[in-house]
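Novice: The whole structure should be built from the sequences, with the hints applied where relevant.
If you read the protein sequences in the order shown, they are chains S and V. Each position in the first sequence, counted from 1, maps to that position plus 59 in the working numbering. Each position in the second sequence, counted from 1, maps to that position plus 1 in the working numbering.
These aren't lab readings, by the way, just hints derived from the structure by calculation. Where a beta carbon is used, it is the ideal one built from N, C-alpha and C, also for glycine. Worth double-checking, as some hints may not be accurate.
Selected chain V positions facing chain S (Cβ under 7 Å, derived; list incomplete) [to be verified]:
(1) L57
(2) D81
(3) S85
(4) L98
(5) G100
(6) F188
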Amino acid sequence: MNRIGWVFFVARRYRRERRSGKASAAGFLSTAGIALGVITLVVVMGVMNGFQLGFIEDILEIRSYDLQVSSLNMETALKAADYARSVPSVKAALPFLETQTLVQGRFSDFEAVALRGIPPNAEELDPGLVSQLSVDRGKFDLAGGLVLGGELARALGVRVGDTLTLAALTGEGFAGLVPASHELPVTGIFRSGFYEYDRGLIFTSLELIQEFASVNDKPALGIKLRNRYRIDKPRAALKEEFSSLSGFQDGSTGIVSWRESNRAFFGALRMEKLIMSLLIGVMFLVTAGNIYHSLRRGVQEKRTAIAVLRALGGGQREIQLVFILEGGIMGFLGTFWGLSLGLLLVNHINRLFSLLELLSGWAAGFLNTLFGVQALGGLAITPAAFYLSEVPVRILPLEIFLIAFFAISVSLLSAWGASRDVAGMNPSTILRYE
Amino acid sequence: MELLRLEGLTKRYISGTEVLTILDKVDLSVPAGSVTIFTGESGSGKSTLLNIIGALDNPDSGEIRVDGIRVDQLAEGETDRYRSETVGFVFQFHYLLEGFSALENAMLPAYMRGLPLAEARERARELLSRVGLEKRLDHTPAMLSGGERQRVALARALINDPKLLLADEPTGNLDEGNTLRVKELLFSLVRDTGKTLLLVTHESAFIPEGDRAYRLHAGGLERL
Numbered sequence: 060m061n062r063i064g065w066v067f068f069v070a071r072r073y074r075r076e077r078r079s080g081k082a083s084a085a086g087f088l089s090t091a092g093i094a095l096g097v098i099t100l101v102v103v104m105g106v107m108n109g110f111q112l113g114f115i116e117d118i119l120e121i122r123s124y125d126l127q128v129s130s131l132n133m134e135t136a137l138k139a140a141d142y143a144r145s146v147p148s149v150k151a152a153l154p155f156l157e158t159q160t161l162v163q164g165r166f167s168d169f170e171a172v173a174l175r176g177i178p179p180n181a182e183e184l185d186p187g188l189v190s191q192l193s194v195d196r197g198k199f200d201l202a203g204g205l206v207l208g209g210e211l212a213r214a215l216g217v218r219v220g221d222t223l224t225l226a227a228l229t230g231e232g233f234a235g236l237v238p239a240s241h242e243l244p245v246t247g248i249f250r251s252g253f254y255e256y257d258r259g260l261i262f263t264s265l266e267l268i269q270e271f272a273s274v275n276d277k278p279a280l281g282i283k284l285r286n287r288y289r290i291d292k293p294r295a296a297l298k299e300e301f302s303s304l305s306g307f308q309d310g311s312t313g314i315v316s317w318r319e320s321n322r323a324f325f326g327a328l329r330m331e332k333l334i335m336s337l338l339i340g341v342m343f344l345v346t347a348g349n350i351y352h353s354l355r356r357g358v359q360e361k362r363t364a365i366a367v368l369r370a371l372g373g374g375q376r377e378i379q380l381v382f383i384l385e386g387g388i389m390g391f392l393g394t395f396w397g398l399s400l401g402l403l404l405v406n407h408i409n410r411l412f413s414l415l416e417l418l419s420g421w422a423a424g425f426l427n428t429l430f431g432v433q434a435l436g437g438l439a440i441t442p443a444a445f446y447l448s449e450v451p452v453r454i455l456p457l458e459i460f461l462i463a464f465f466a467i468s469v470s471l472l473s474a475w476g477a478s479r480d481v482a483g484m485n486p487s488t489i490l491r492y493e
Numbered sequence: 002m003e004l005l006r007l008e009g010l011t012k013r014y015i016s017g018t019e020v021l022t023i024l025d026k027v028d029l030s031v032p033a034g035s036v037t038i039f040t041g042e043s044g045s046g047k048s049t050l051l052n053i054i055g056a057l058d059n060p061d062s063g064e065i066r067v068d069g070i071r072v073d074q075l076a077e078g079e080t081d082r083y084r085s086e087t088v089g090f091v092f093q094f095h096y097l098l099e100g101f102s103a104l105e106n107a108m109l110p111a112y113m114r115g116l117p118l119a120e121a122r123e124r125a126r127e128l129l130s131r132v133g134l135e136k137r138l139d140h141t142p143a144m145l146s147g148g149e150r151q152r153v154a155l156a157r158a159l160i161n162d163p164k165l166l167l168a169d170e171p172t173g174n175l176d177e178g179n180t181l182r183v184k185e186l187l188f189s190l191v192r193d194t195g196k197t198l199l200l201v202t203h204e205s206a207f208i209p210e211g212d213r214a215y216r217l218h219a220g221g222l223e224r225l
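Specialist: Here is the structure:
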């Protein structure tokens with residue numbers, strides 16, 4: 060026999076009663092508090108993921124790769140790349156050589172940059188790299204010269220077709236180092252959106268870079284996986300593939316994953332996200348307190364009804380469940396509205412920024428006309444102020460699930476705390492004195 | 002056949018530094034199907050006695066057996082079941098749930114006991130018809146008179162077909178006309194269904210209706 064149906068029946072009645080009674084404001088505020096917390100978390104997490112995953116993708120697609128094998132010789136690097144491409148879980152494999160160099164435009168000072176040489180057919184071997192770089196002027200032509208970041212081009216005062224002077228120390232050993240300089244044309248300018256790369260990275264071909272590299276600059280192999288979050292199996296497969304290569308056995312550093320090579324940076328990103336979640340999570344504590352007090356007052360107001368339900372055979376836990384359900388309904392409704400509004404907001408956040416930019420522009424113009432002051436002139440409500448074309452957003456379903464789970468759990472926990480008053484009620488005493 | 006047996010039932014309350022012995026080694030045997038009336042002054046322990054028999058309160062010592070069940074030794078879950086299945090309560094104040102209709106109030110104990118909702122509703126409808134409230138099924142307590150509320154409470158107490166009905170001054174809050182009507186209804190329902198009734202009352206008019214009557218005085222029972 061079903062002994063729990065009545066709990067839902069009574070909870071539904073009390074909820075209806077509460078919605079129309081004096082306690083409706085407290086109930087609404089509790090639900091709204093949960094909704095607000097969920098909205099904030101969804102929006103902040105969505106934008107933060109957008110930034111962080113954007114950074115991670117920039118770093119991995121452009122420079123760091125998912126797996127990297129350093130300190131190879133050129134022949135081994137080229138062979139290893141061919142081997143790697145035969146592994147099914149590998150998306151792209153690219154040998155490269157990187158060195159530090161000085162670069163100067165016709166009318167600028169020297170700038171220190173990282174010069175990276177990759178195969179001239181990199182566009183074909185690693186489409187993700189070229190796509191992420193987003194070459195907006197010229198083309199990705201490495202055989203004919205240099206492809207550099209937009210910020211660097213601006214600092215050097217060069218355009219596509221101009222010539223750059225590169226200076227480096229080549230040779231072997233400290234005593235054997237000799238300065239070398241070359242002039243090469245700019246064939247393309249990219250804008251990755253990652254300032255560090257746009258300001259200090261130049262791509263050229265493997266053949267050209269060897270004229271600048273010292274003996275200490277060793278070629279390396281960058282590998283991109285189809286799923287960069289599953290590293291172990293492909294790494295083991297690659298290790299086996301590479302074991303027959305003499306260069307790999309001799310001097311290489313082994314296969315280093317992106318998590319290992321960027322541990323500090325990605326750790327900092329994770330910590331930033333955790334701290335932000337905790338800070339926003341505090342909002343739920345305030346809401347939890349609100350639900351607790353609202354339901355506790357409800358429990359006290361229903362003392363007589365609770366005593367009667369006990370007299371009619373209702374168990375203490377079942378009666379507690381009536382109030383826990385009420386808190387659960389508040390949490391569920393708050394979560395539902397919070398998720399709906401939060402996802403709507405985060406998916407249209409760039410429209411919101413455009414609107415804010417427009418409004419702030421109008422307000423500034425209005426104040427300027429009225430008072431002759433640049434009142435809102437310094438207000439930066441535009442992604443462009445943060446070196447962005449738009450605010451990046453990335454929604455992770457697991458995070459959405461966790462936010463919902465957390466919000467509903469907090470509500471249920473507060474309701475459970477409030478319902479514990481039921482345990483201390485003596486029906487006989489209540490019915491005698493009420 | 003005996004339905005209720007009390008042996009050495011004692012209940013004390015502490016009031017400040019004073020210990021009040023409300024029930025002092027009370028012994029009682031109640032046959033099944035009988036009507037037993039308890040009377041006495043206010044504070045003499047009548048309601049306490051009923052609450053202890055109904056497992057709403059615990060004795061300090063003594064034994065309570067109802068239909069062979071040791072009520073004083075029941076665990077918490079068993080107490081709930083005992084209250085749901087074996088006893089029915091009618092209080093001085095109706096204690097109907099506000100916001101619930103007469104039908105819902107009356108059917109709730111059956112639903113709580115595990116009966117399907119439709120069956121519980123049907124049984125409540127029948128009982129409310131028997132107490133003359135067939136046209137008041139959807140009325141909430143606020144829409145009913147004092148006598149009608151008490152009749153709903155009576156239907157609620159009987160819905161699970163309990164062996165023992167505990168009525169604590171069921172007419173204490175009613176006017177003369179309603180007192181008479183509720184009294185007649187209570188006794189006719191109890192006699193028709195063969196229930197055992199323990200009735201606490203101040204009304205001397207009830208005493209001749211009972212099979213036996215007791216006065217609670219100084220913690221003990223005096224047969225009237």
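Novice: Confirm or reject each hint.
Specialist: Right, here's what the structure says about each hint:
1. The closest approach between the C-beta of L57/V and any C-beta of chain S is roughly 4 Å, which is under the 7 Å cut-off, so the hint is satisfied.
2. A least Cβ separation of about 4 Å between D81/V and chain S falls short of the 7 Å threshold, and the interface hint therefore holds.
3. Given the 7 Å rule on beta carbons, the hint for S85/V holds: about 3 Å separates it from the nearest Cβ of chain S.
4. Interface restraint check for L98/V: the shortest CB-CB distance to chain S comes to about 5 Å, inside 7 Å, so the restraint holds.
5. Because the smallest distance between the Cβ of G100/V and any Cβ of chain S comes to about 5 Å, under 7 Å, the interface hint for this residue holds.
6. With a least beta-carbon distance of about 22 Å to chain S, the hint placing F188/V at the interface is violated under the 7 Å criterion.
In terms of the numbered hints stated before, the structure departs from hint 6 and from no other.
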